[in-house]
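Trainee: Listed below, chain by chain, are the residues.
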Amino acid sequence: MTNFSYDIIVVGGGHAGAEAVLACNRLNCKVALITSDPSKMGVMPCNPSIGGPAKSHLVREIDALGGEMGKAIDDTFIHIRRLNTGKGQAVQAIRAQADRPKYNDRICQAIERSENVNVISDTVIEIMSKNNVIKGVKTMSGLTLSARAVIVCTGTFLAGTLHLGKLTLAGGRSGEAPAFGLSRSLRNLGLNLMRLKTGTCPRLHKKSIDFSSLDVLPPTKEPLKFSDMSDEKKMSYDRQVSCYITRTNEETRKVIVNNLHHSPLYDGSGAIVGVWPRYCPSIEDKFVRFPDREVHLVFLEPEGFDVDEVYLQGVSTSMPLSVQYGIVRSLPGLENADIIRPGYAVEYDCVKPDQLDFSLGVRNFKGLYLAGQINGTSGYEEAASQGLIAAINAVRYLDGKEPFIVGRDQGYVGVLIDDLVCKGTSEPYRMHTSRAEYRLLLREDNADDRLTPQAREMGLISDMQWQKYLYFKNTAMSEINRLKSKHLNAEMSQTLREKFAVNVSPGPSYAELLHRPDINLSMLRQVEGLPQLELRLTEKIESLIVYSGYIERQNRDVKRVNELKCLTLDSDIIYKDVIGMSSEAVEKLSKYRPYNVDQASRISGVSPSDLRALMVYLRANVSKNN
Amino acid sequence: MRSSFLADDTIVGVATPSGSGGVAIVRMSGPSALEIADKFIRKRSAIWQPRYMYLCKVVNSQEQLIDKVLAVSMPSPTSYTGENVVEIHCHGGWLLPRLIVDLCVSHGARLAEPGEFTYRAFMSGKMSLTQAESVLDIIEAKSKDALLLATDGLTGRLSEAIRTLKDDILDLIAQYEAEIDYGDEIMTSDISSLVIKSETFLETVERLIDGAYKGRDVIDGIDTVLIGPPNAGKSTLWNALIGQNKALVTPYPGTTRDILEDYVNVNGVYLHLTDTAGLHDTSDPIEKLGIERAKEVLKNARIVLLVLDGSQKMSEEFMTIFSDIANNVRTDNVLVILNKSDISKTISEEDVRRILKIDCEICQVSLLNKSDIENVKENIVKICQTDMKPDIKPISVNQRQLQALNEIKESLISLQNGAKSNLTCDCLLLELHECLMSINCLTGDNVSDDIIDRVFSKFCLGK
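The listed protein sequences correspond, in order, to chains S and U. So for the first sequence, the working numbering puts the first residue at 1; every next one is plus one. So for the second sequence, the working numbering puts the first residue at 1001; every next one is plus one.
Warning: the hint list may mix true and false statements.
Per label pair, the in silico range of CB-to-CB distance [unchecked claim]: (1) S:Arg293 <-> U:Glu1199: 42 to 52 Å; (2) S:Lys576 <-> U:Tyr1052: 39 to 49 Å; (3) U:Ser1193 <-> S:Met229: 35 to 45 Å; (4) S:Ser583 <-> U:Ser1106: 35 to 45 Å; (5) S:Asp308 <-> U:Glu1199: 54 to 64 Å; (6) U:Ser1106 <-> S:Arg556: 33 to 43 Å; (7) S:Lys576 <-> U:Glu1063: 48 to 58 Å; (8) U:Ser1193 <-> S:Ser548: 23 to 33 Å; (9) U:Glu1063 <-> S:Ser583: 50 to 60 Å; (10) U:Asp1008 <-> S:Met464: 39 to 49 Å.
Distance condition first, Cα-Cα at most 20 Å in a straight line; then the derived SDA-like pairs of lysine to any residue [stated by the list, open to error]: (11) S:Lys286 <-> U:Asp1184; (12) U:Lys1420 <-> S:Gly549; (13) U:Lys1126 <-> S:Arg619; (14) S:Lys565 <-> U:Asp1184; (15) U:Lys1126 <-> S:Ile579; (16) S:Lys286 <-> U:Tyr1182; (17) U:Lys1313 <-> U:Leu1335; (18) U:Lys1420 <-> S:Arg619.
To be clear, the hints were calculated from the coordinates, so they are not data collected in a lab. Cβ coordinates follow ideal geometry from the N, Cα and C atoms, glycine included.
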């Protein structure tokens, strides 16, 4: 048997696997990507869109760490839109509809062009280790590949089962075979697995839809982009297409309610055991759980410039095809619509994420990393950001370096990993802005300030990106200083009043003026006769000024929490010996084994008085050992 | 979590049992203890020699004398807590230690939580392992304290009101969080409704705070202060109310030099009665001190009993002093007792109102006459009842809970200001979360995932 040797092996070529191999490539590691179908790398099996609140923040963080996702979507979007305008810059987000086949091609090309990456079409059936140190993998076709680190990014393929009405098929995605042996191998390594479920919607023929009667959701007319490295001039802003909205009605309700017995969710058969995410309810779920709500919105999203398929966002279902036709054709504009591919539910194995440490490595193992849906998350952006972090840490492990851990105050990806490790999850975990307690610090406009310097140091940032980062940073700083020192004089306030009909009087600094909701930076620069700054810079500057007070408040909280972070908890603490701690806290702390008091404080069921008791215990042990 | 688990701030508390004792000790511990003490302690020496007792003056923000005290500093690490400690040995009783604690707080100290001095002592290694258990008893007492909220009859009201408030705040948070995370699926709500809502929340909390003060009235008595020019009959009234000759009564003005205090049940109303030195300008330094203190006491007074000698013309001197202190008095709570009507009625009720420029209840009496005393008592009860805000129900809270209530109020004010100034959703949420945190501080709850749970139970979200 032939033996191939790599630094790192990545299992799976979805969004996590793709970012993982590309990061390994940037860090000059010899990496093998093993995937059953190399033409499907970076494919979007669910909705053909990237971004949205918290998710676009993740993409910006991926970009700030030198990752691929932002650049890929910038190159291939067919519709881009800004969300949450007027709700504050910290929660403003962008979302893009991708050209599905083009995005897929774009990722395949990036991987194929990577010097250090070897793509192998195969299925991994076993992870090899000795004394909890990773040695390599074995594949279905009999290959043995050795590597010191393995990153597992299997998505929904681990023992995947598809449900369509009464029909149950083994499969990872529609039309693709699942991976079976690997679940057993992970169990043999001692890992606890659980079953999760997600679903997708029927796709329709574009030609069979009557768009004329539907509400139009046009793209935003701004040069929006995810990556600082993308060139606006080369982007397809002019060619964009629209999305459309239709609404459920009484007929839809009747079809669903009368056919509930056909749904594997409600037929009482117990065919589906996996936990369905609450934020992605099936259409039958929506009608059952919210019976009073008369209308549910349905979004029609085109899947590409030259693609006939339209994604029916909001109608995720596992009903049989005949019922899916009933639902679809009850919707205005879709009276004659044809289904290309039915929606389905997919159940898959994943690893209980509280077995991970903050590097995304499996605790007590050397060289085993997990990223993406296998960790119980959901979403392309969540998966990609984990793939990137897991790869960085796998490489650092090979180099004998400390893991790279993003703090909750440094990035959504930090919040994501911290939540998984400290709390685990019982449903597919999706990123929400509400999960981030330092939301005002984690803005789109400062992802580079938060992460790029560290990424540069690790070797992930090209010279060009680094120059761009420095340019944004320095320009923003000097403009802010200028705005602080310059005060509105009589002449300027006159011009402002005349041009923009705002009520101002001389005196305040320009920075102070920007705190007003009716005045923005481009107005000021226009009055001053200065050229407009690019959108990206304008936003950076405005939010640094407008949020300064809040940023200070949140920074104070961060400082306090950082002190608790310094109080580390050994892995061998016997919590039931801690005097005065509630039994619930003992149970939770013994289970999650937080690394420090800060993490302990975030575990539900651990009260402030439990923490005090814990600190008394820590203190007592210090004095005992001295 | 409001209070830090690590000693980065300075805490203050009264170390001696409250109420009784001639001397009380106010203890301050933390990095800024000396710095804070220097803000209101005036002593001859510019330095604090460790463990050296200084005779010094405690002054308020207007540099007015509050008390003469003994103060001692114990710098880190050789102190009880291992931190910088300042102890102020002041006059005892109910009011003075509290005033000094208030001064410390106003200069940056934080009210110590139960057991916190001991906790800090332990954390800085000033205690052995075996002592740890007793510390934990105290720490546990704190959570029991929060538990009591739910069980005690009086505080049950607080607990219920706070639960409702917390529920409303959580609903608002869920609403805004959903609007942000699912912006294209649900309608954006009108921020102006938040202005009205926060107003309602504020009213609720203010009523709770009123109730808390009322609850304290039940336990601590209503602060009632006797003032008036010397020899007008304050001590006679005192003795008539208390029922024993505690105050020294002589025909000579200025006999009552120090502040006397006691608790008395007047026709079913519980009063915390304080007698002050006669108000007149004097060069006697000790008496001067008494007058300054009387002014401080008046600031906190809920009922003022102004005793005047109706048989004599009011002295210019008294009128000057009275107009000086009048700012500190709520005139609707003043009862003027125009004494010595048996000698002569030289001053009429109209004279009092005109000269002192106050509109208040006046009773013309002779305090030597028993039935006249009853008349005064009835008038006191009448004022108490109008002041009591009959629609406010008393609740029983301790100092920590009252402080937490005030913090909730502050956070609600901040929320309301934010809503009024059209803050964006992301910042308003920060304010709302602060409100939630201050509420959790009172209830002892931990913030958990329940916001996301609420979002999904309230709204049908997700495509």
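Trainee: Next pair to validate is S:Lys565 with U:Asp1184; report whether the Cα-Cα distance is within 20 Å.
Mentor: violated (37 Å)
Trainee: Hint says 48 to 58 Å; check whether the CB-CB distance for S:Lys576 and U:Glu1063 agrees.
Mentor: This hint holds: roughly 57 Å between Cβ atoms.
Trainee: Using the beta carbons of U:Ser1193 and S:Ser548, state whether their distance is inside 23 to 33 Å or not.
Mentor: holds (28 Å)
Trainee: CA of U:Lys1126 to CA of S:Arg619, is that 20 Å or under?
Mentor: holds (11 Å)
Trainee: Verify the CB-CB distance for U:Ser1193 and S:Met229 against the hinted window 35 to 45 Å.
Mentor: Between U:Ser1193 and S:Met229, where Cβ atoms are some 43 Å apart, the hint holds.
Trainee: Check whether the Cα positions of U:Lys1313 and U:Leu1335 lie no farther apart than 20 Å.
Mentor: holds (19 Å)
Trainee: Between U:Glu1063 and S:Ser583, does the beta-carbon spacing fit 50 to 60 Å?
Mentor: holds (55 Å)
Trainee: Taking 42 to 52 Å as the stated bounds, is the beta-carbon spacing between S:Arg293 and U:Glu1199 within them?
Mentor: Given a distance of about 31 Å, which is not inside 42 to 52 Å, the answer is violated.
Trainee: Okay, U:Ser1106 versus S:Arg556 on CB: inside 33 to 43 Å?
Mentor: violated (21 Å)
Trainee: Within 39 to 49 Å or not, the Cβ separation of S:Lys576 and U:Tyr1052?
Mentor: holds (48 Å)
Trainee: With a cut-off of 20 Å on the C-alpha distance, tell me whether U:Lys1126 and S:Ile579 pass.
Mentor: Distance ~19 Å between U:Lys1126 and S:Ile579 Cα, so the pair holds.
Trainee: Check whether the Cα positions of U:Lys1420 and S:Arg619 lie no farther apart than 20 Å.
Mentor: With a Cα-Cα distance of about 47 Å, the restraint between U:Lys1420 and S:Arg619 is violated, given a limit of 20 Å.
Comparing the model with each earlier hint shows violations of hints 1, 6, 14, 18; every other hint is respected.
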